[in-house]
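Whenever a hint applies, use it, and build me the whole structure from the sequences.
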Amino acid sequence: LMAPWFWIKAPTLHHDCKLVSLRVLVSLAVLPALGCSGQNGSAQWSNLGANRSVGRFAWSASVGKDETLGIYVVTSSGEEYAARIRHARRTWAQFGSPVIFVAATADRELGVEGLPCPDDEGRGVCCKTLLGLRLSLERFPRARWLVRAVDDTVVFGKNLARELRVFDASAWIYIGAPSVTLLCHIPKFAAQCGELHAGGGGGIVLSRPLAEELVRHSDEFLAHCRHDDVFLGQYLRYVLGVHLHVLPGVLQEPRFSSTSWDSTRPAPVCPLPLPPAVYARIDDWGPLHPFAPLDVRRLALVHADPGVWPHLVALAAASADAEAAGSSGLLAFADTRGRRVVAPHFRGADALGVCAYRDRDLL
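Residue 5 is where the sequence shown starts when you use this note's numbering, and the numbers rise one by one after that.
Incorrect hints may have been included.
Said to hold, decoys possible - Here are the computed distance ranges between Cβ atoms for each label pair:
1) Arg143 / Arg241: 23 to 29 Å
2) Leu367 / Arg220: 33 to 39 Å
3) Leu366 / Pro270: 16 to 22 Å
4) Glu113 / Leu276: 27 to 33 Å
Hints are computed from structural coordinates only; laboratory data are not their basis. Think of the CB as a built atom: it goes at the ideal place given N, C-alpha and C, for glycine as much as any other residue.
What follows is the structure in structure tokens.
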């Protein structure tokens with residue numbers, strides 16, 4: 005009874021100890037009794053939770069059993085996207101977590117659900133966003149918040165669930181990273197030009213009542229949608245009368261592509277003055293707000309290159325270690341070497357920095 009237990013939706017054990025798609029509660033302690041030892045058995049299962057960084061990030065320890073969140077990830081066909089899904093399955097979206105992946109083509113091995121949608125970046129993503137939302141409402145019947153991410157978004161489940169407590173989940177609530185498009189000269193964006201919306205790469209959060217209402221309008225929305233996030237923001241505002249709410253830990257940009265922090269070592273002490281907020285100019289589209297240094301415990305949805313994910317996944321353990329060493333916590337910041345205003349999309353300024361701070365440093 006003291007051994008780790010895992011709720012597994014997909015995968016679980018086949019007769020030859022390979023992993024197939026079912027749902028079962030499994031203890032690592034019983035695997036040898038099932039004849040599951042060696043490479044296909046307990047070693048394979050141990051990898052789900054034994055790694056220090058991934059284990060401390062695991063959903064059983066981060067979200068708990070309150071089923072606050074139902075998460076679906078929109079992805080596409082092709083090896084590039086399959087590699088992202090595999091990486092997510094090894095890190096933040098382990099099998100058994102409240103996450104489903106949706107695409108135009110199903111992939112049983114990766115646990116990807118197929119939807120009757122085109123596989124393109126226009127109407128196809130609109131379709132996957134709405135049909136994925138409908139599927140999530142079915143799969144997560146007790147989730148109070150539905151989260152739409154993409155395959156290069158990292159979801160910090162425990163942090164997000166905690167941050168969402170400031171909102172009334174029984175109301176119509178729409179949350180994300182405030183973004184605008186300035187592509188007024190392109191016909192399909194003419195009506196949405198300058199309209200505030202949640203940037204798709206940073207993730208979109210809907211309260212359950214709003215998600216259910218939006219699904220009832222699926223046909224009307226999909227008839228007009230040409231680009232998922234900007235059309236969704238406009239539709240929610242003008243048809244349903246819902247405006248965007250902001251959480252500081254939902255990050256569309258910078259889309260971190262590197263890090264100046266070595267996650268295998270303790271985080272360095274923050275310099276004084278602390279790293280500044282950084283604003284990226286907008287030429288075609290982009291986030292409306294600057295990215296200000298933020299305690300890593302408030303990171304909720306982060307758009308990042310998969311090469312940075314191991315460092316992001318290590319943040320929970322690193323933050324606990326920093327507190328144990330006497331710091332108040334860790335700050336995540338855009339490491340721009342002091343520049344406060346940078347090129348559009350944080351070009352050349354998209355490195356993740358991490359440092360240890362004390363409360364008095366914030367004054």
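Consistency of beta-carbon spacing, arginine 220 to leucine 367, with hint 33 to 39 Å: 49 Å, violated
Distance restraint hint 23 to 29 Å, applied to the beta-carbon atoms of arginine 143 and arginine 241: 28 Å, holds
Distance restraint evaluation - glutamate 113, leucine 276, Cβ atoms, bounds 27 to 33 Å: 50 Å, violated
Hint check for proline 270 and leucine 366 - Cβ pair distance inside 16 to 22 Å: 20 Å, holds
Violated hints, listed in ascending order, are 2, 4; each of the other numbered hints is respected by the structure.
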